[in-house]
Amino acid sequence: MLNLIIKDILIQKRQLTFSLLYLGFAIIAFQSFGEVMFSAGIVVFIYMLSMTACANEDKVKSDIMLNSLPIKRVNIVLQKYISIYIYFIMGTIIYIVFSKLLQFLQIPIKTYSLALEVFLAGFMASSFMAGLYFPLYFKFGYMKMRIVNFVLFFLIFFGISLLSKYMQGSTSLQFFYNINVLWENNKMLFIAAAALIFVTLMAVSLGLAVYFYKKREF
Amino acid sequence: MNIILSNYSDKPIYEQIAEQIKSLIIKRELTEAELLPSIRVLARELQISVITTKRAYDELEKDGYIVSVPGKGSFVGTQNTELLKEARIRIIEDKLIDAISAAKSIDISFEDLAKMLKLLFEEV
Amino acid sequence: MEPIFEIKGLKKSFKDFSLKGIDISLNRGYIMGFIGPNGAGKTTTIKLMMNLLRKDDGEIKIFGKDYIQFEKEIKNKLGFVYDENHFYEELTIEEMKWVIAPFYEKWNESLYKSYMKDFNLPLKKKIKDLSRGMKMKFSLAIALSHDAELLVMDEPTSGLDPVIRSELLEILSQTIQDENKAVFFSTHITSDLDKIADYITLIDDGKILLDGEKDELLDSYGLVRGNKEILNADINKDFINVRENQFGFEALVKDKNHIKKIYGDKIIIEKPNIEDIMLYYTGRWQNAKSNN
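Sequence order for the protein chains is D, E and X.
Positions 2 to 219 (the numbering used here) are the ones given, in order, by the first sequence.
Positions 19 to 142 (the numbering used here) are the ones given, in order, by the second sequence.
Positions 2 to 293 (the numbering used here) are the ones given, in order, by the third sequence.
None of these hints come from the bench; they were simulated from the model.
Treat the hints with care, since some could be wrong.
[To be verified] In the PhoX-like style, the derived pairs of lysine-lysine whose C-alpha atoms are separated by at most 20 Å in a straight line are:
no., chain 1, residue 1, chain 2, residue 2
1, X, Lys-261, E, Lys-29
2, X, Lys-56, D, Lys-216
3, X, Lys-261, D, Lys-73
4, E, Lys-29, X, Lys-262
5, D, Lys-60, X, Lys-262
[Stated by the list, open to error] Part of the chain E face toward chain X, derived, beta carbon under 7 Å:
no., residue
6, Pro-30
7, Gln-34
8, Ile-69
9, Lys-122
C-beta: ideal position from N, C-alpha, C; glycine also.
The task is simple: from the sequences and hints, build the whole structure.
Dropping the structure here:
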């Protein structure tokens, strides 16, 4: 499994450096997002990395090679999901380091230390994006799903953008208000509910993805 | 041990191999109880199928020229003179057939051929 | 002795092509050439064996075991070489090996290194910078470095020059010195097989037209040439196929000795090669338009 995960990273060494720079750049670019800049940035970071990995697989039709090796198809699917969270951890660390660095060098760019809500929002948004995308990717392949994924990413990004506006008080969407109330009143419960939704969503997504991929022909 | 094959000969390859090995055995270039190359090594070296080398060895064994011991290999058998002579006679007949075909192809008559044979017989 | 692999009644349908129930089997210690024109079903068959495609019907056993039930176990002992490159272009040879090797239980690093040296492959070069021949050699090195018992290759020599093709054949010859191993090798470059194949299986349009020992086929089949005047319904029965030209005919016969006895002087008989056998069995030229 480990070598499967690392292969995705090896494939895109160039993309990785680019994404790293991008995340740094995002902090600057997403100033208007306020605190939510992490959530937005991490979603973009993960999107770029996982898309490049999928594109690379598709370019050489690696499925043919991977499925000729003694690997279970389940693991091929699982690896893509696990990688999302590897990227998430990478992105989080980079963000924290970058923020601290900016602070330390006293560069006048506003950064925010990572608040739990923002972190969770980023986590859920990324999972949501992956959870919706992967079953389709494993069923139809990268080429056919490029547009779908882009739309998905766009919707999520847009959602986060709305969230940021809400948090800065420029919109007052009922949806965000309700969530906020729930959050404030009982954080533990909220987290528990979110965790439950998350686990269910990902389990269903993973199950579907594996089911589709097992049936797939190359 | 030399084995030279022809792809254009009428004779199947296994026959060519068998005959050349028989010849080597008769001419004592391969000695009694000498170990022969394995069928696989022979196949690899001659770039032919191992089924063919096996067939050649099977034929040699059937005709009593070699003995195959499972796990050890194939060895030249011990000969008796009658077999040797018979084999040599066969070789002579083959060569005569070749000469006759060659003669016929340029319309040399039997008489002329016989004359040639007599002349050469006395010379050699 | 049980065959190293056995295919029975394999069927697979696509929109415009189908495999119509084929049987193939190969014993350990031998090389089988799987031949046929483009589109005949060679790649489909191999993909089915590798479970890259799902069969509609039939049975596939490899190492005596069902190919799906024991898929992982089988693939551990199976080496594969495909005609297209499916390795990640951005990785170097060394990195690619690093990704693949851990999946094999019996990966032999020193053996792999010796192949790399023999094949002269630059470890730090990216896969996309390798020539076609080098990519194939890399595939082969991987396939041979984990103690595989069966080597499955789909047109490994297409697009390669005769020198590399000859090198590959030598390597296969060497591999088969181990009687426990076998090679199954599809190609439409039949001259590769004229020398080293033990068995030939000919497929066309999803059906097996011919299979047997290569040397036996080449010894008993004959390429017959003669005047068109001697062609009649009788003689045509003995011909697998006939090809007429302005000045005579050429035909393939199954039993050249039999034909020789009957028609003797009136015809010329020569030893065919595998390409002749394939062309005559598939009779493709009949669809080609004459230029004169």
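Results of checking the hints against the structure:
Restraint check for Lys-261 (chain X) and Lys-29 (chain E): satisfied, since their Cα atoms lie roughly 14 Å apart, inside the 20 Å limit. A hinted pair counts as satisfied when its Cα atoms are at most 20 Å apart, and Lys-56 (chain X) with Lys-216 (chain D) qualifies at roughly 12 Å. Of the supplied pair hints, the one linking Lys-261 (chain X) and Lys-73 (chain D) is violated, its CA atoms being roughly 58 Å apart against a limit of 20 Å. About 16 Å separates the Cα atoms of Lys-29 (chain E) and Lys-262 (chain X), which keeps this hinted pair within 20 Å; it holds.
Straight-line distance between C-alpha atoms of Lys-60 (chain D) and Lys-262 (chain X) comes to about 60 Å, which puts the hinted pair past the 20 Å bound. The interface hint given for Pro-30 (chain E) holds, since its Cβ lies 4 Å from the closest Cβ of chain X, which is under the 7 Å cut-off. For Gln-34 (chain E), the interface hint is violated, since its Cβ never comes within 7 Å of a Cβ in chain X; the closest pair sits about 11 Å apart. Using the Cβ-Cβ criterion of 7 Å, the hint placing Ile-69 (chain E) at the interface with chain X is satisfied: the shortest such distance is roughly 5 Å.
Because the smallest distance between the Cβ of Lys-122 (chain E) and any Cβ of chain X comes to about 12 Å, over 7 Å, the interface hint for this residue is violated.
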